[in-house]
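Asker: Residues per chain are reported as follows:
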Amino acid sequence: MKKPFRRVLSIIGLTSFILAAPTIYAHHSFAVHFLPEGEVKASGVVKSFRFANPHGVLEFTVINDKGEEVQWRAETNSPSLLRRRGWSRDSIKAGQEVTVTGWPARNDEYYMRIRTVTFADGTILATQAGINLSQD
Amino acid sequence: MRHLFHTKLLLVLSLLLPALSTQAADAPDISGFWTVKFEQTPSGTELFEKLPGDAIFINDAGGGELAEGDFGGIQLTESALQEVSEYDFDYEFSMSYTCMPPSAVFYMQAPFPMEVDQGRDLIVFRMEYFDMVRVIYLDGRGHPGDDYPHSKNGHSIGHWEGDELVVDSTHFVPSTFMNNGFNHSDDIHMVERFKMSKDGETLWLTQVYEDPAVFAGKASRYMAWRKVPGENIYPYDCDPSFGR
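Residue numbers (our numbering), protein chains in the order written: chain L, 1 to 136; chain H, 1001 to 1244.
Hint data in this document are derived by calculation from the structure and do not stem from the laboratory.
Among the clues, some could well be false.
[To be verified] Now the in silico label distances, taken between C-beta atoms and shown as ranges:
no., chain 1, residue 1, chain 2, residue 2, range
1, H, W1160, L, E97, 56 to 66 Å
2, L, G122, H, R1244, 27 to 37 Å
3, L, F119, H, Y1148, 51 to 61 Å
4, L, P36, H, V1084, 11 to 21 Å
5, L, Q96, H, P1144, 53 to 63 Å
6, L, E59, H, M1100, 20 to 30 Å
Cβ coordinates follow ideal geometry from the N, Cα and C atoms, glycine included.
Please work from the sequences and hints to get the whole structure.
Answerer: Written out as structure tokens, the structure is:
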């Protein structure tokens, strides 16, 4: 076997992991700020929703186990990409009840990168293409 | 008199038409909207064969990112390691950083679509990511002198080698190399090869970088896009208010 072909096989092995991964890219480092293998889930009432690049931001209020109000912030990936997946600035409105799943921030207990947003009627918005919604 | 006017008009048109023609006759037409192709296995293996044997392959393209402290196998110089040790990742959430675009060294592999406009003497890459616009000169000019303005888009000259577009880029300003705490320098040199599949559905790219001030030897990346007729890029219109 020629050396270049061994190198190609090596590249294929590496690249298959990366290019098959969902798009969690950020203008900031994703891997440094979030746990790529982690998952967090929180339910609450929407306070505000910003839909502008580089990231949308959802602010929502959660009542914790002690009955206290906790303010969560959750960022989306780029609204440019989300627009092609059916999102708009009106997708989420203040006052709506939502359950949000995502990747937890490493250094902020109440911050996440959004994976899905589920509304009271069961409708789901996903930030990534190809997410199996039945598993969320 | 009228005859003289028509003769002059024809002469002017004969000089202008070649420059206005859409592209060289034997070059593939890579114009159009291209969106990132997430591949289980890379399909552009023909370009891998042309990567320098000593180039370290960086496996972070298309939305993947390396963990903090993982530099994908490249050997950073002492000054680059010092830069990493002093880097404040929280700064990435600041208002002043939020709308700071990366250079073409990094933005070409971002998972955003692009539109390509191809002429004979120019190819223009309009990137959705940060609204970046990159011009590739195909008219045979060389790179300008060192005092030419450096930028995030750099200065790019290209030529066709058969069905491959080879692009040589210099004159970048320092900017993130892999979103991992250090910048490439203003002396980074990038050579790219673009190749379209025979069915016109896929566009492949390999990039090879040299930047002795930042890392030893050569490094490389690979990207692939699929063509989507009828689509257009959206304005990015970055809003710095995301920053804290």
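Asker: All the hints need checking, so say for each whether the structure fits it.
Answerer: Outcome of the hint check:
Under the hint 56 to 66 Å, the C-beta atoms of W1160 (chain H) and E97 (chain L), about 57 Å apart, fit the expected range. At about 34 Å, the CB distance of G122 (chain L) to R1244 (chain H) agrees with the hint of 27 to 37 Å. Distance hint check for F119 (chain L) and Y1148 (chain H): the Cβ-Cβ separation is about 54 Å, which falls inside the suggested range of 51 to 61 Å. Checked against the hint of 11 to 21 Å, the C-beta distance between P36 (chain L) and V1084 (chain H) comes to roughly 20 Å, which is consistent with it.
At roughly 55 Å, the beta carbons of Q96 (chain L) and P1144 (chain H) sit within the given window of 53 to 63 Å. The beta-carbon spacing between E59 (chain L) and M1100 (chain H), approximately 24 Å, falls within the hinted interval of 20 to 30 Å.
Checked against the numbered hints above, the structure violates none of them.
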